[in-house]
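**Q** In the order they appear, the protein sequences are chains A and B.
Count along the first sequence from 1, then add 615; that gives the number in the numbering used here.
Count along the second sequence from 1, then add 615; that gives the number in the numbering used here.
Hint data in this document are derived by calculation from the structure and do not stem from the laboratory.
Since the list gives no way to pick out one identical chain from another, each pair is judged satisfied if it fits inside one copy or across any two copies.
Taking lysine-lysine pairs in the DSS-like style, the calculated list, with each CA pair at most 30 Å apart, reads:
1) K643 to K802
2) K770 to K693
3) K643 to K761
4) K693 to K802
5) K643 to K693
6) K747 to K761
7) K761 to K693
8) K898 to K747
9) K802 to K1012
Spelled out, the chains give:
Number of protein chains: 2
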Amino acid sequence: MLQSNIPDSPYPRVVIVGAGFAGINLVKTLHNKPFQVVLLDRNNFHTFQPLLYQVATAGLEPSSIAFPIRGIFRRKNKFIYRLAEVEDVSPDTHTLNTSIGPIRYDYLVIATGSVSNFFGNKNFETYGSGMKSLYEAVGIRNYGLKNIEQALLLKDRAAQEKALTIVIAGGGPTGVELAGALAEFRKTIFPQDYPELSADLMHIYLIEGAPRLLANMSEQASAQTHKFLAEMGVKIYLQTLVKDYDGEVVYLGNGEQIPTQSFIWSAGVKGNALPGLREEQIKGGRIEVDTFNLVKGCSNVYAIGDVALMTDNDHPKGYPMLAQVAIQQGKNLGANLVRRQNKEPLRPFSYRDKGTMATIGRNKAVTDIGKLHLHGFIAWVMWGVVHLMFLMGFRNKLVVFINWMYSYFTYDKGTRILLKRHI
Amino acid sequence: MLQSNIPDSPYPRVVIVGAGFAGINLVKTLHNKPFQVVLLDRNNFHTFQPLLYQVATAGLEPSSIAFPIRGIFRRKNKFIYRLAEVEDVSPDTHTLNTSIGPIRYDYLVIATGSVSNFFGNKNFETYGSGMKSLYEAVGIRNYGLKNIEQALLLKDRAAQEKALTIVIAGGGPTGVELAGALAEFRKTIFPQDYPELSADLMHIYLIEGAPRLLANMSEQASAQTHKFLAEMGVKIYLQTLVKDYDGEVVYLGNGEQIPTQSFIWSAGVKGNALPGLREEQIKGGRIEVDTFNLVKGCSNVYAIGDVALMTDNDHPKGYPMLAQVAIQQGKNLGANLVRRQNKEPLRPFSYRDKGTMATIGRNKAVTDIGKLHLHGFIAWVMWGVVHLMFLMGFRNKLVVFINWMYSYFTYDKGTRILLKRHI
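Kindly produce the complete structure, drawing on both the sequences and the hints.
**A** Here you go:
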């Protein structure tokens, strides 16, 4: 019989569900404060999601962007981690039901992030892949490498093109960065590794419903990104919807059909709310919170990061689902929990926009910092520095830096091993 | 319909099965020679087997010791690689039957290596794990990390010990290096990552049937290894057989029973001969060859490396299954194939023993070079230098070196992520 085995403590117990940017930063803020901190996650590692696309395109190893949770918080007092899946929450009894039994809380913090939103189309999920987890990224890598090996065994040009073509739905940061990395793979790795195949057989489609790519960034960044990707040979469709995918053909809203074995969905995410909350507390999977991240109608349940829906005059639809928002909400909530215990006045969340950036390829990136819009080499270096800064752990920073330098100077990628033989 | 799609060539076709040390070195030797070289492997990468135990103990990432085959031989003329499983060989028709269809050969080279020999005990295979492939090593890592998380959820001390205890059958290099790495994990990582558990609950058993560990090395090396491991708290049983394992308890020949969830088999390997050869050509899974590695009774089929059984006065039971033998046989056969085409006299294989070594832990290794026996720090540095030298690819050497340095100075390991949630 498995039990959570969480020891009793004289301190109030804060249970945090999810070890993403929000959860991790909350734990850090509560270090050495008078709380018993219990962190639950169904993985034993924190994933650095902004670099998932490099794992999917064989540029980085999974462990370079994953950091073991116990490694982050080693030697921390009053900190407890459990590998567990949360089943539901029972706010009335202050209890969380999990795969390792019920867990009582004094404060509950839901930091469960977001999941792919397929808008009810089961086919996208069944025949395609999302790009939200390390599992999906490794799966895309293995599947892609397998498809190229398979294309070598086909005689018919149309069949080869179908095996090599990749269709990405969604022109947000994930779709853009993935399309760029694939175009670089096609240009540098493909001709050297597969001299028997023509790189012209591999088509990369990026399908976006809005009138421009990177709709959350500036017009300048969108235009530059579009130019970069088009130059790299990515076929970009704007104001175009993906209607369906049956595992063989992608059907577009404009009537066009694209035969392909590879369909990646990055056209929408939704909040990953926990079961057990009341229906009126949840909108689009996100949990409605006040400016202190307290869940509406609850006294001791908080939500932070992507899963939290906090609205104000500037953000009538809620804050964007960004790492920076999650990090800042985690830190603010940590400080507020201490204030609440001390019966001091709380401080509402106030977001400090540090800018947004996306990388398209070698020496090609776009950055918005307030009114400043940069692109090209300087933006690309900034992107690299910022991502290394936020990557957890010295070893990871060093290994990622070396992989980047190695790829930059050799035009090679070291990690294209096909780990699952039979998919 | 998948076809091998191997183009016609004016040159004689050498088909090589297996991209281990033997196969890879043969391909290299045949570069720019008048042959069409076709390499088949069921993985798209070469595995550096000597460091598998570091993957199993979370010291290195899989891709650090795996090198994509297409990366090794990029830009090589007349070289063709196919991802394929070989079903059998038909020597009479000079044809190999594979998962991608039949492949004709002028010369066939079998370099399929060795597999775990469970000596007919299905239980060892079903409930335990071998340590011969990257899959098994990653599986051991994930399973071990999962067991520790599970031990936290148990109340009963005996149940916790059973979850944490690891029994290794076989005191050869694999068993010794694995036991040493696990003992270091228990000493350095365990207390920091799992302060709720006592490291005393984790027992490491090393069970060997012979009167000493590392029976293929010198008496001095065996004695020193025994001393190192005993000091590190490994429970060593000599002249003891493992009779059975039912998934719950390991039954030893001396009547002792060890309750454990983790049983690793490194007590025997056998040749991985291809089906289709005649029974009298095979002994213990190895294929009998003459001193030119030609399979007895065949005119154009060769076997090299672990799978080849070459006997002489000094080696009445065949050469040991070592990387050095495989490398040297691959190179010698390559040169002989050229000579055979040129109708020049062939040179028989002659083995140059460059010494053997094993590492037990931090600053602890043993080395035999002829009559010279070294141990301790100097042997450990030599071990590291030699392994880095033989590891394929600059990126891999650099990443492994950094991981080693990082672990050495921080007593930390970076890659203990549990990638499969549900095993």
